[in-house]
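Peer 1: Listed below are the residues making up each chain.
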Amino acid sequence: MLRRSVFFAIILLQALVTQVHAAEKTALRVSLIPIFDIIPFQAAQTQGYFADQNLTLDGTPSQGGAQGIPALLAGSVQIAFTNVVSVLQGLERGLPLRIIAPAQETIGTPPDSAGLVTLAASGITSGADLSGKRVGVNTRNNIIWLYARSWIDQNGGDSRAVNFVEVPFPQMPDALLNGRIDAAMVSQPYLGDLLQDKAVKALGWPYSAGGLRTATSVYVVTERFTAEHPELISAFVAGLRKGIAWSNENFGSDAYISMVSGYTSIEPEKIKAIVKQARWKFPDVVNVESVRRTMELMIHYGTLKAPIDINAAIIAAR
Amino acid sequence: MSRYAFLVGGGFVVILLACAEMAVRGGFVSPYMAPAPSQVALTLASMFSEGRVLAPLGQTLGLLLAGFTLACVLGIALGLAMGADERVYNLFDPLVEIIRPIPKPALIPPLMLFLGFGAEMKIVIITMAAFFPILINTIGGVKTIDPVVLQTARTFRVGPARTIFQVILPSATPMILAGARVALGLALVVAILGDMLASNGGLGFEIVDMQRAFMLPEMYAWVVVVSLLGLLQAFLFHRLESWLTFWARNNA
Amino acid sequence: MNAQNITPRGQAVAQHTLISIEAVSKGYGTGNANLAVGSVDLQVGRGEFLSIVGPSGCGKSTLLKIIAGLVPQSSGTILIDGRPVQGPPAKLVYLFQQYAKSLFPWLTVEQNVAFGLDPTVARSKAERHARCMDLLGKVGLAASAQLYPYQLSGGMQQRVAIARALAADPKVLLLDEPFSSVDALTRLELHDLVLSLWESTDLTVVLVTHDVEEAIYLSDRVAVLGPRPSTVTHSYHTDLPRPRDPVATPAMERYQLLRIELLERLLSGRRPKP
Numbered sequence: 164m165l166r167r168s169v170f171f172a173i174i175l176l177q178a179l180v181t182q183v184h185a186a187e188k189t190a191l192r193v194s195l196i197p198i199f200d201i202i203p204f205q206a207a208q209t210q211g212y213f214a215d216q217n218l219t220l221d222g223t224p225s226q227g228g229a230q231g232i233p234a235l236l237a238g239s240v241q242i243a244f245t246n247v248v249s250v251l252q253g254l255e256r257g258l259p260l261r262i263i264a265p266a267q268e269t270i271g272t273p274p275d276s277a278g279l280v281t282l283a284a285s286g287i288t289s290g291a292d293l294s295g296k297r298v299g300v301n302t303r304n305n306i307i308w309l310y311a312r313s314w315i316d317q318n319g320g321d322s323r324a325v326n327f328v329e330v331p332f333p334q335m336p337d338a339l340l341n342g343r344i345d346a347a348m349v350s351q352p353y354l355g356d357l358l359q360d361k362a363v364k365a366l367g368w369p370y371s372a373g374g375l376r377t378a379t380s381v382y383v384v385t386e387r388f389t390a391e392h393p394e395l396i397s398a399f400v401a402g403l404r405k406g407i408a409w410s411n412e413n414f415g416s417d418a419y420i421s422m423v424s425g426y427t428s429i430e431p432e433k434i435k436a437i438v439k440q441a442r443w444k445f446p447d448v449v450n451v452e453s454v455r456r457t458m459e460l461m462i463h464y465g466t467l468k469a470p471i472d473i474n475a476a477i478i479a480a481r
Numbered sequence: 054m055s056r057y058a059f060l061v062g063g064g065f066v067v068i069l070l071a072c073a074e075m076a077v078r079g080g081f082v083s084p085y086m087a088p089a090p091s092q093v094a095l096t097l098a099s100m101f102s103e104g105r106v107l108a109p110l111g112q113t114l115g116l117l118l119a120g121f122t123l124a125c126v127l128g129i130a131l132g133l134a135m136g137a138d139e140r141v142y143n144l145f146d147p148l149v150e151i152i153r154p155i156p157k158p159a160l161i162p163p164l165m166l167f168l169g170f171g172a173e174m175k176i177v178i179i180t181m182a183a184f185f186p187i188l189i190n191t192i193g194g195v196k197t198i199d200p201v202v203l204q205t206a207r208t209f210r211v212g213p214a215r216t217i218f219q220v221i222l223p224s225a226t227p228m229i230l231a232g233a234r235v236a237l238g239l240a241l242v243v244a245i246l247g248d249m250l251a252s253n254g255g256l257g258f259e260i261v262d263m264q265r266a267f268m269l270p271e272m273y274a275w276v277v278v279v280s281l282l283g284l285l286q287a288f289l290f291h292r293l294e295s296w297l298t299f300w301a302r303n304n305a
Numbered sequence: 602m603n604a605q606n607i608t609p610r611g612q613a614v615a616q617h618t619l620i621s622i623e624a625v626s627k628g629y630g631t632g633n634a635n636l637a638v639g640s641v642d643l644q645v646g647r648g649e650f651l652s653i654v655g656p657s658g659c660g661k662s663t664l665l666k667i668i669a670g671l672v673p674q675s676s677g678t679i680l681i682d683g684r685p686v687q688g689p690p691a692k693l694v695y696l697f698q699q700y701a702k703s704l705f706p707w708l709t710v711e712q713n714v715a716f717g718l719d720p721t722v723a724r725s726k727a728e729r730h731a732r733c734m735d736l737l738g739k740v741g742l743a744a745s746a747q748l749y750p751y752q753l754s755g756g757m758q759q760r761v762a763i764a765r766a767l768a769a770d771p772k773v774l775l776l777d778e779p780f781s782s783v784d785a786l787t788r789l790e791l792h793d794l795v796l797s798l799w800e801s802t803d804l805t806v807v808l809v810t811h812d813v814e815e816a817i818y819l820s821d822r823v824a825v826l827g828p829r830p831s832t833v834t835h836s837y838h839t840d841l842p843r844p845r846d847p848v849a850t851p852a853m854e855r856y857q858l859l860r861i862e863l864l865e866r867l868l869s870g871r872r873p874k875p
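Protein chains in written order, with our numbering: chain A, 164 to 481; chain B, 54 to 305; chain C, 602 to 875.
Just chain A, same shape as in the assembly (with noise of 0.2 Å):
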C-alpha cells in the first residue's frame, strides 16, 4: 500500500525554504463548489491561516470540475477544486495537471459525503426503476455521475437507460422537490438538507458500496504553476494543513456550523442535523489507493483507457 505523505514532506521543506516574496501579499483565484469537501479551505480562511502565509484567495463559484478545469488551463483560475475522475480525464488527454492537496475521502458507511435521493411517494426502490428516469448530477462525466451508474448497475438497473441531467448542487433540492428531476445524487450538505424534509427518502450510497473510505476531490494547479510559484503553492499547502487540523478538531462546534451556513446559505440549524449524523475527519493525505479503484470504475465505463500513474501527478511543494 503506497502512501504519500505529501505534507509531512511539504512541512520540512517549507521549513528549510526561504521565502522570497514574503513580504508581499499574492491574490490568487480558486475555483470552488460550495459543498462539505472545501471545509477546510473555508476554515483557513476565516481563520486567517492563508493570510498568515501572505495569501489572499479569491474563491470563484464554479458548478464542478468540468468546469474548474478549463478554467484552470485558461488562467481564469490558478487553483481549481475539482472531482478526481475529471483529474484522470484529464491526465489521460495529456492536460497539464497537478495535484497539491487533498480535498474530501468518502467515510465508507451511510450518510456519507454524497448519495441518491429520491422523493418518498416516487415509488423509485432500485437501478431498474430509474430507467428512462432523470437523475441530476451536478456535471456529467465525473466523480458522482460514475459513482451513481455504478450503484444503478449493481442493484438492478441499466445506467445507459437513465437520463442524467446537469445541476448544480445549490439547485437540486428545489429540482427534486419539482419534480423536473425523478433522482439526484446530492453532496453534503444539500443532501443532508434533502434529507430533512419528509418528501424526500434515500435512495442508495453509492460511495459506501464496500465500507471503503475513497478519494474524491483533490486542488489542482497547472504544471507550469508549480514551475513558477512553487512558494505559492507551499503557502496554500501551508495555509489548508492548518484548515484541516482546524475542522477536525473544531467539529460541530458554533463556528463550524456557522462558517459552513455562511458559504452553502443553508440555516445552522439544518447545517448542525446534518453534523450530527457523522464524524467528518478530512484527510490531509491524498488516498492513492482508492484513486485505483476509481480508475478501474472509469475504465468500465470507458471513460478511462487504461491506468495512469497517478503518483506522477502528485507534487511535493518545493
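None of these hints come from the bench; they were simulated from the model.
No experiment lies behind these values; they were computed from the predicted model shown.
Nothing false has been slipped in among the hints.
Among chain B residues calculated to face chain C with C-beta under 8 Å, some are:
{"hint": "1", "residue": "Asp199"}
{"hint": "2", "residue": "Val201"}
{"hint": "3", "residue": "Val202"}
{"hint": "4", "residue": "Gln204"}
{"hint": "5", "residue": "Thr205"}
{"hint": "6", "residue": "Arg207"}
{"hint": "7", "residue": "Thr208"}
{"hint": "8", "residue": "Phe209"}
{"hint": "9", "residue": "Arg210"}
{"hint": "10", "residue": "Pro223"}
{"hint": "11", "residue": "Trp300"}
Glycine residues also receive a C-beta, built at the ideal position from the N, C-alpha and C atoms.
Place chains B and C on chain A using the hints.
Peer 2: Just chains B and C now, with coordinates in the frame of chain A:
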C-alpha cells in the same frame, strides 16, 4: 456569388485553417484549448461514417422545426391582426415591447422552473425566440403596404377575409420572410442553448458532454456539425425566399 | 360657345343622369379648414364620356376618389343611379394613375384580370379562363396572359388594369390621369382602345386629366375645375363627330377653338401679363 469571388473567399478560409494547423503542431497553441483542424476533420469524418451524428441532429432539428413553425403561425396571425387593426395593435403593443427586447436565452432558467428539462420547454423557448422577429416584420409588412394596393382591393369591393389572404398577405410576404430568416437563426441559437442546459440529447448536449470529458476534437467536431446545420438552413431558406418573392426583386 | 345638351346617343342629360354630384366639398385638418374641393355641382349622363380638367393640385383626383367612394366627402351628396355613395359602389371601378402599383405583382396577367371577376357569380374554371382571355383579347394582350406585370411595359400594364376593371362588368369607369406616365405614341394607342371599348358597351366614363387635348379628343363634355377651393367653373360640350380620329379630329376648327378656350381658362392668372 461569382466563381472567382467564391474561390478567393474560400481560399482565404483554407489558408486560415492551414495557419491554425501549423500553430497547433508547432506548439504555439495549447492542444488542450484547440486541437489541430486536421484532427477535428478526421474525428468529424468518423462520426459521420459511424452514424453517430444522426440521432442528436434529428433531435435538435425536430424541436427547432416544431418551434419555428409554431412561431410562424402565431407571429403571422397576430402580426396581420395588429397590422390591420389599430385597436388590436394598441392592445398588444406594450406587452410586445416589454418582452421583445429580453434576450430569449435569459428566459431559459425561469422556463426550466415551470416546464422542466424536456421537449416542451425547448419548444416553448424556441417559439418565443422566433416569434418576435416574425411578428414585428409581419406588422411592418402590413403597415407599409402601398395604399394604392389596398384601395385597388376596395374599388373591387373585396371582402375583408379575401383582402387579408389574397392581397395583404402576399404583399407583405417579402417582409415576413425577412423576419422569418432572422427568426430561424435565433431559433438555432436557442435550440442549441436549450440542448446544453436541459441536457437530454441534441447537438448542444453533445458539445457540453464532450467538453466535460475533455474530448476536444469531438467537441469541435460537434461545433462544426452545428455550423453545417446553420449553413444548410440558411441556404434552403434563401431558395424558399427566392421562389416565393420572385416578383418583389423585379418589382422594386 | 354653344352649350347644347346632346349626349352621344341623342339622349338629354337632365332626364338620364347617372351620377349626380351636389355641393360636394372636401377639406382636411380640424374643422375642414383646408378645403381642397370647395363646392362642386356636376351631373354625368348615362353613357356619357366626361373629362374633368384643372390645374395641378385643384383636387380633381380627390373629387374622383370621392365619386369612387374611396374618400368620404366633407359635405354634399353623391348619387349614383339615385343611390347615395357610401363606400365603393357596385358596378363602378376606379383606375389608378399608378397602374404599376395597382396591379398585383405576384399574379400573372390573367390572374390579375381574374381578380376583377365578381366572386359571387359562380363560374367554372373554364368559364373564368375564357372570360379573362376574352377581355385580354379586347385590350390586345392575349399573348401576354402568362406573363407577370414586371415583364410588361407601362402601356401594357395599363391595358391589363383596364381589362381587370372590365372583368368586374362595371357601369361606370373612373380614370385618374391614366395616361400621364406613358409615352406619347402609346398614349394615342390607349386613347383609341378606351374609345373603342366605351363605344362597344354602355359604360359611363369620367376621366380626370391635366391634358386639355386628351380631354377634348376623348370626351363628350369637358368640365373645368378651378384652383383650390375648387368648383366647376365651366363646362363645354365638345360637339365633335365620332368616331374620333387621331389625325383628322385635332385638325378641326371646333377642336382648335375649344383647345384655345380651355387653355385660356386653365392658364388665366398664371400667365405673365404682357
